[in-house]
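Given chain A, work out where chain R should sit, using these hints.
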Amino acid sequence: MGSEFHIVVCGSIVPDPLQTLAPQDGPAGPSLKNEMMLPAVLDPWAGHALFEAANLAAKNPGSQVWLVSLGPKAKLQQVMMSVSQKAPFQLVVADGSASGFTDAYETAKVLAETIEGIGGLDRSKMLLFGGWQSASRGSGAVIQMVGELLGVTEQFQGVDKLTVGGDGSLEVLERVEGGAYQKSVVDGAPAAFGWATGELPEPPNNPQVGMQNMQKNMPALMQAKPADLSGTSLKFSSVELPKQRRETRIVKDVPVDEMAKEIVEWIKG
Amino acid sequence: MTVLFLAHTECDNSLHKSALETLTAAKALADGMGSDLVVGLIGADVAEAAGTIGGCDAKFYAVSGPEFADGRYASDLTAAEAIAKACSPEVVVAPATSRFSRALPGLAIRLDGRVDTHLSGLAAEDGKPVAKRWFYRQRMEGTLTRDERPWVLTLDSGCAEPFDGAGAADVEALSVDVSSVRTKVAGMECASEDQQTIRPDADLLFVAGAGWTKKQADGATHVPEAEETIRVFLDATKASLGSSKSLVDISGEGGAVISFLTHMHQVGQTGATPRHPKGLSTCCHGEEPHVVGWRFIKERRAINLDAGCGWAQGKCDVLYVGDAFAIMKKVNELLG
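These protein sequences, in sequence, are chains A and R. Residue numbering for the first sequence follows our numbering, starting at 23 and increasing by one per position. Residue numbering for the second sequence follows our numbering, starting at 6 and increasing by one per position.
Next up, chain A with everything else stripped away, as it sits in the complex (with noise of 0.2 Å):
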């Protein structure tokens, strides 16, 4: 028997992991260079969270997945013309920088007003889902703090794995030190779940449900409110990028024996 469940997908972009990037100061404080150039992602933890989802949601009739998004809406258009394939949602936006260096209580305030604006929204059957980490800021911080904004206070972060009970009971999977899990059961929903990269694999391109989901999504976009994240005092002195380079010995034609060797005295040093 399964669950009715309303999950929430916090998750934004993030510039493509390939990418070199480079800070540089501005009025406002350090931005990437060329950032408004740079090709953006969806997160990679975000996607996880997202692909979860919408397989938990397959399984649970009656579910509804939102994807809530705090992101310069261009970018975020650009970005979902390819998302909105991969899986079933309803966009959320809120127009604002996506910057790693924006304040993580800032984009929680933001993200949990968004949420409490979503129409058909039972937040008692809410499960909210984000990535525990993020390609940008990297906190690991943002869905404690829109949980505890929401008053969800059954949390989970570094999930691997989240199996339904007949009973409608959560088991979960966290990552802990040392490669091992922590299982934990609870009762139901609400609850907050920071995923790792989960079990999925990326789903593959559907463009009937890009279809879809754009015809909902295109909207959203368009309606995006301008997000206000301008109430920290958070300060950088500098932004820097490591400065370290190694003087690389190249070791080339040299007996496969002598390689070895060297590199076991080096283990064993």
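Since the hints were derived computationally from the structure, they do not count as laboratory data. If you're wondering where the values come from, they're calculated on a predicted model, not measured in any experiment. Each hint should be verified, as a subset may be incorrect.
[Said to hold, decoys possible] Which stretches of chain A does chain R cover? Using the computed rule of at least three CB atoms under 8 Å from a CB of chain R, they are: (1) 38 to 49; (2) 122 to 128; (3) 165 to 176; (4) 197 to 207; (5) 253 to 259; (6) 275 to 281.
Every residue gets a Cβ at the ideal spot worked out from N, C-alpha and C, and that includes glycine.
This is chain R only, laid out in the frame that chain A set:
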């Protein structure tokens, strides 16, 4: 003014090394700010832990009992909230363990403060706290301050020397009610000692790249041989195993896989950034994403076929240009 150091006990009621490191940083911060240091402990039984750090010249609070033996967001947060409200700190400093990384961001909300996590450095400048942390997954480091208080901070491991100062501690116990917490911890799932290949405290990180599963000089793949070579090396050295994302993802692309590699082994832009004294990379290539995984590895060596590899040049100390299958097989022989 008060700096609150928060720590949780381990399953044997001791304090983890990262907690001791964080205490060093918290004490230095309190001294630099001219503030009092308060220690807050959470766990099943905190007496032993308190005794190991009793010499830190602080007032001690604790929330303890069987319901605090395991890490749960709601109970840990309620305990931390009670301790914080007992001492009204300006700054809260805690180790960025999985347990506190889960719970303490919520503390900032409950205290109407702010939180910054995964710090790589913490100091007092002109009597005020200044934090350092990495952005964009260890690709650039920022130095930051803020005026909001209390400021909840978690410090990553390896950023300070462990505190050493046992002594008698007079611990004030606080009582909190967690009967309404709906989460029950059902235990741990751990690989056996022989099967476990993620070893955070190992001296060596061995990173396996996608080259291990690619066609070799004879035009065929040799995945079983790769598995055996890696497994023998890990058994001999007790190194921790890391993987590039491309290798972990090969299963999704229908390629042959190293059977004992999972996403938990992944290092780099979309994985972990482990801290080990030495690192040996094999069959890896690539630029920025791989560098991220090696950011905190001190001595780095690599084996691959490309002397001009952009990842290795300038990033590792020694690059062995050769066939990792042959070199590692010989290494295993020498390790006996």
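Broken hints, by number: none
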